[in-house]
Amino acid sequence: MALADELFREFRSMSVSEFFRKNAAMLGYTGRIRSLTTIVHEGVTNAIDAGEECGKLPNVYIRIENLGDGGRYRITIEDNASGIPEKYIPEVFGKMLAGSKAHRNMQSRGQQGLGISGAVLFCQTSSGKPVRVISSTGEKGIIAEVMIDVEKNKGKVSKKEEFDPKGWMGTRVEMEAKGVSYNRSKYGAFNYLRLTSLANPHVQIELIEPDGTKVLFERVTEELPKPPKEVKPHPYGITADDLLRLAREKGGERKSLKTILVKELSRFSDKRVRELKEKMALILLSRKLETQIEDLDKYLSEIQDEEEKRRIKKIYSGFLSQAAKILRKEARYLNWEEADLIVNAFSRMKLLAPPTEGLSPIGEENISRTMKAVLNPEFVACVTRPPKTYRGGIPFQVEVGIAYGGQVDEEGIEVFRFANRTPLLFDRGGCAITEAVKSIDWKRYGIDPNKDKVALLVNIVSVHIPYTSTGKQAIADVPEISKEIRLAVMEVARKLMRYVKRKKREMEKEAKMKALLKYVPEVAKAMSRLTGASEEEIETELSELISKKYLSSEDFSEEEREEAIKKEEKVILISNGGGLDEGSRKEAETTRE
Amino acid sequence: MKVAEKRLRQLGNRMLQELKRGNSPYIEIPVRALGNVYFDSERRLLQLGEKSGRRYFLNLAHAKKFMQTLLVASYCLELIQKGKHASLRDVYYALKRNLPNSKEVTFQDQSESNPVIEDLEVSLNLLREELHISADRKGYLIGNIVLRERVVDETFEIDASQLGTGGWGIPSNVEEIEFLDIQADYVLVIETGAMFERLAEERFWKKNNCLMVATKGQPSRGTRRLIHRLYYEANLPVYVFTDGDPYGWYIYSVIKQGSINLAYLSEKLGTPDAKFLGVTMSDVDKYNLHGQVHKLKEGDIKRAKELKDYPWFKNEEWQREINLMLEKKIRIEQQAFSSKSLEYVAEVYLPEKIEKEDFLP
Ligand SMILES: Nc1ncnc2c1ncn2[C@@H]1O[C@H](COP(=O)(O)OP(=O)(O)O)[C@@H](O)[C@H]1O
Ligand SMILES: [Mg+2]
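Read top to bottom, the protein sequences are chains A and B. All residue numbers for the first sequence refer to numbering that gives the first Met the number 0, where the first residue is 0 and numbers rise by one. All residue numbers for the second sequence refer to numbering that gives the first Met the number 0, where the first residue is 0 and numbers rise by one.
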């Protein structure tokens with residue numbers, strides 16, 4: 000027996016479920032508190048996604064029971080959405096990576112189809128119990144117990160029962176986990192739900208804590224968020240891997256690659272196919288000649304030798320037909336090298352930026368409303384930035400709310416991070432949001448970053464949120480996104496500054512008025528003695544004089560100050576390196592077309 | 000109605016008018032600082048310039064002082080109406096109180112009320128004595144003079160020749176002192192109390208038919224006003240006798256031309272025709288007092304240099320004297336003559352000087 004055969008006897012391919020059973024931490028199952036929070040998170044995001052999708056204002060009910068026995072907990076999450084059809088139940092709860100609608104390239108909380116099945120996996124490995132799913136699509140109700148067959152990565156339904164839902168619609172998921180814990184700390188499920196409510200003013204959340212306490216996070220708007228639209232992927236945002244998958248998934252029925260590209264990508268029309276071919280050929284030529292050629296005509300014009308010129312032209316036209324052949328071939332036979340070549344060629348083309356109207360931010364008014372309701376601050380300002388793209392092709396949008404004073408808990412600047420309205424509680428240090436906020440010079444805005452009570456809500460919405468890891472708790476430092484966060488924070492900081500300044504001025508005015516008013520009685524008495532006029536009358540007139548002076552005067556220098564600050568901000572942005580502007584420059588070019 | 004009362008009422012009415020028009024009441028006060036003082040060479044007096052400032056009630060930086068000025072003004076009116084006089088300290092105590100609903104007081108200490116009184120004087124062009132505010136008695140008068148002093152509603156006659164060696168303490172308000180009878184040829188103004196007593200014991204005034212005034216250092220306003228009145232009303236020449244040092248010479252300067260701080264009163268307080276009798280630097284040689292001199296200190300030298308620049312000292316005689324002082328770096332006291340004998344000043348020095356009219360201008 001060859002040595003290799005012996006060595007490889009132990010080799011076994013590992014299923015996704017098996018992989019994640021061994022690497023539960025990658026999905027956020029580390030630590031007792033965090034593990035429970037992650038379970039709640041998976042259930043609640045699905046519940047809200049499902050509600051929004053079927054156009055219903057989501058009501059989410061969460062019950063957490065302590066079953067004793069060394070951290071054994073039952074977590075129940077119920078929604079009022081559409082329910083899950085019977086045949087999909089094993090898929091959704093029992094198969095990892097398979098059952099998801101996340102491939103649709105639209106903004107949603109879930110992204111990988113790893114969520115709820117991950118929770119089921121964690122529960123069954125820690126407590127040995129299956130997940131109990133009670134779901135109704137309206138006419139028919141199903142009660143099922145599901146476990147994951149880890150080796151096969153498949154859902155196994157152990158008990159199944161029908162029941163009459165009597166009009167009830169929705170899904171109730173009951174999970175049992177061991178080695179977890181509940182509390183009201185920053186990282187606990189309570190805070191997670193509080194923050195979820197903060198970013199989802201249209202959602203009603205009811206929580207029953209282990210000790211029976213009932214907490215209601217109320218809905219503050221009856222308005223459902225505008226449903227996000229499915230957006231086709233943009234050539235700039237796609238990787239070779241994405242392209243391969245797309246070609247395989249959509250490539251049935253002998254469709255040519257060209258047809259798939261034109262149909263499935265945004266901003267790429269028939270008219271651009273020729274250009275794509277040329278770019279592909281140019282890349283191949285560059286490789287062959289081991290030199291970087293940007294412009295063929297220019298390159299040729301610099302060559303004196305006519306013979307050599309002809310030779311290169313010939314090679315080029317060869318590559319051109321090779322490119323044409325690739326595009327003509329059946330999409331499902333696309334290989335990685337060809338996909339890589341196409342993605343490369345895309346990046347050399349000038350294309351319109353992708354449409355961004357598919358995104359669904361919280362909106363300035365709603366942020367303001369919810370921050371007021373949840374934090375009870377003295378002042379709130381919000382901004383929803385216009386949509387932008389990163390990596391040239393992935394739409395995203397940043398919104399920031401700032402709350403100041405009042406009952407905002409902590410001194411200093413507290414940052415509530417959200418991605419597609421989902422709170423990010425962990426990995427604060429490695430998150431682009433934290434970094435962007437840290438880079439703001441708060442003193443410039445008249446805010447003391449250590450003493451003033453400031454809460455910041457930063458929500459990033461995107462079809463594809465660039466997380467730093469599968470734990471999905473930190474946003475990667477993508478220059479275009481970081482820049483937008485900074486701009487948004489600066490904008491609300493400016494609004495806050497205006498408020499703080501005005502307040503300070505009002506206080507100063509008041510202090511001045513008071514200072515003057517205290518001299519009134521003595522002055523009136525003396526004036527009355529000197530003139531014989533009524534002391535009372537003089538007193539009234541002096542007081543009126545004072546209020547007239549202080550209640551009418553307006554100060555116009557404020558706007559000028561703000562202008563000055565805006566200028567400074569520009570300087571910071573520029574001095575912070577060209578990297579930041581790379582994205583927007585590209586975008587400017589592409590939209591000019 | 001007295002002038003003072005009338006002006007106080009005018010002040011009040013003007014402010015009331017402003018208030019009725021919806022404007023902030025204010026008080027106009029001429030600036031009392033070096034930059035607003037000049038020497039009028041024709042009248043030979045220090046005069047106040049044209050610069051004046053307005054103290055507004057509505058200006059937070061002025062408001063407190065505005066109130067303080069009004070408090071003093073209304074208190075003065077009260078004094079005048081009652082015919083009573085109050086000292087600077089009385090004024091401070093009478094007006095010091097807590098502001099309603101505040102920890103702030105109207106006047107923190109007397110250093111706040113004194114300048115406000117001066118402000119009011121300049122503003123109304125009145126002496127504080129006319130406002131019935133008095134300062135401590137400081138100077139003394141002795142000689143053949145009979146005066147009438149009014150005390151509230153009584154009058155007293157004072158014969159300054161019948162007061163032994165002490166003399167009559169000059170009140171701060173000499174405005175209403177009447178000169179009933181004067182038998183004298185001149186007024187001798189003496190810087191130190193000790194010299195005054197020495198001469199009084201020698202009955203110098205009787206033997207030389209003069210009036211003697213002691214300033215006891217820098218003369219009070221009452222003393223300066225009395226000297227002024229004796230010169231202008233009784234036509235008595237004024238001779239000033241001080242220590243031979245920059246401080247003594249400055250006393251002479253103040254009597255003669257007025258001071259910077261009270262420049263607005265120069266016309267009432269200054270006696271430009273006063274003459275300087277001594278002690279001069281030349282006297283040191285003339286009377287052989289070389290053994291009695293003291294060395295000048297740094298401050299003295301600085302002061303002497305300042306004196307040299309005063310317009311009224313810009314004459315040959317004074318320049319020579321000051322130069323001599325700066326050259327020799329010495330000073331000499333009035334009492335240095337006692338080295339010769341106790342009586343020397345009274346019997347030799349003063350008569351000789353007056354006889355020869357050996358004065359500086
Ligand atoms: N409560 C629910 N109601 C309706 N559909 C659900 C519910 N929970 C999960 N699903 C469906 O199951 C899919 C898989 O969910 P999940 O494993 O959490 O992955 P993800 O949320 O990343 O898509 C979702 O995309 C959704 O279509
Ligand atoms: Mg999910």
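It is worth saying that the hints were derived from the structure and are not from the lab. Don't take each hint at face value.
Said to hold, decoys possible - Below, a list of computed lysine-lysine pairs in the BS3-like style, where the Cα atoms sit at most 27 Å apart:
#, chain 1, residue 1, chain 2, residue 2
1, A, Lys-517, B, Lys-95
2, B, Lys-102, A, Lys-548
3, B, Lys-64, A, Lys-547
4, A, Lys-517, B, Lys-19
5, B, Lys-5, A, Lys-513
6, B, Lys-83, B, Lys-5
7, A, Lys-513, B, Lys-83
Unchecked claim - A few chain A residues that face chain B, going by a derived Cβ cut-off under 7 Å, partial list only:
#, residue
8, Lys-442
9, Arg-443
10, Gly-445
11, Ile-446
12, Leu-515
13, Leu-516
14, Lys-517
15, Tyr-518
16, Ala-525
17, Thr-530
18, Glu-534
19, Glu-538
To be verified - Sample of chain A residues with no beta-carbon within 10 Å of chain B, all distances over it, derived:
#, residue
20, Thr-258
21, Glu-277
22, Lys-312
23, Glu-434
24, Pro-465
25, Tyr-466
26, Lys-511
27, Glu-521
28, Met-526
29, Ile-537
30, Glu-540
31, Ile-545
32, Lys-547
Backbone N, C-alpha and C fix where the C-beta goes; we use that ideal spot for every residue, glycine too.
Results of checking the hints against the structure:
1. Lys-517/A with Lys-95/B: Holds. Lys-517/A to Lys-95/B sits at ~15 Å (cutoff 27 Å).
2. Lys-102/B with Lys-548/A: 25 Å, holds
3. Lys-64/B with Lys-547/A: Within the cut-off at roughly 22 Å; holds.
4. Lys-517/A with Lys-19/B: 20 Å, holds
5. Lys-5/B with Lys-513/A: 34 Å, violated
6. Lys-83/B with Lys-5/B: Satisfied, since the Cα-Cα distance of roughly 17 Å is no more than 27 Å.
7. Lys-513/A with Lys-83/B: Not satisfied, since the Cα-Cα distance of roughly 36 Å exceeds 27 Å.
8. Lys-442: Violated. Min distance 28 Å.
9. Arg-443: 29 Å, violated
10. Gly-445: 23 Å, violated
11. Ile-446: 28 Å, violated
12. Leu-515: Holds, because the Cβ-Cβ distance from Leu-515/A to chain B comes to roughly 6 Å (cut-off 7 Å).
13. Leu-516: 9 Å, violated
14. Lys-517: 5 Å, holds
15. Tyr-518: Because about 4 Å separates Tyr-518/A from the closest Cβ in chain B, which is inside the 7 Å limit, the hint holds.
16. Ala-525: 4 Å, holds
17. Thr-530: 4 Å, holds
18. Glu-534: Nearest chain B Cβ about 11 Å off; hint violated.
19. Glu-538: 11 Å, violated
20. Thr-258: Given that every Cβ of chain B is farther than 10 Å from that of Thr-258/A, nearest at about 80 Å, it holds.
21. Glu-277: 76 Å, holds
22. Lys-312: Fine: 86 Å to the nearest Cβ keeps Lys-312/A off the interface.
23. Glu-434: For Glu-434/A, whose nearest Cβ neighbour in chain B is about 46 Å away, the distance exceeds 10 Å, so it holds.
24. Pro-465: At roughly 56 Å from the nearest Cβ of chain B, Pro-465/A sits farther out than 10 Å, so the non-interface label holds.
25. Tyr-466: With a cut-off of 10 Å, Tyr-466/A remains clear of chain B, as the shortest Cβ separation is near 57 Å.
26. Lys-511: 6 Å, violated
27. Glu-521: It is violated; Glu-521/A is separated from chain B by about 5 Å at its closest Cβ, not greater than 10 Å.
28. Met-526: Violated, since 6 Å does not exceed 10 Å.
29. Ile-537: Ile-537/A not clear of chain B: closest Cβ-Cβ about 7 Å, inside 10 Å.
30. Glu-540: Given a closest Cβ separation of 5 Å, the condition is violated.
31. Ile-545: 7 Å, violated
32. Lys-547: Non-interface label on Lys-547/A violated, nearest chain B Cβ at 7 Å vs cutoff 10 Å.
The structure fails hints 5, 7, 8, 9, 10, 11, 13, 18, 19, 26, 27, 28, 29, 30, 31, 32 (numbered hints given earlier, in ascending order).
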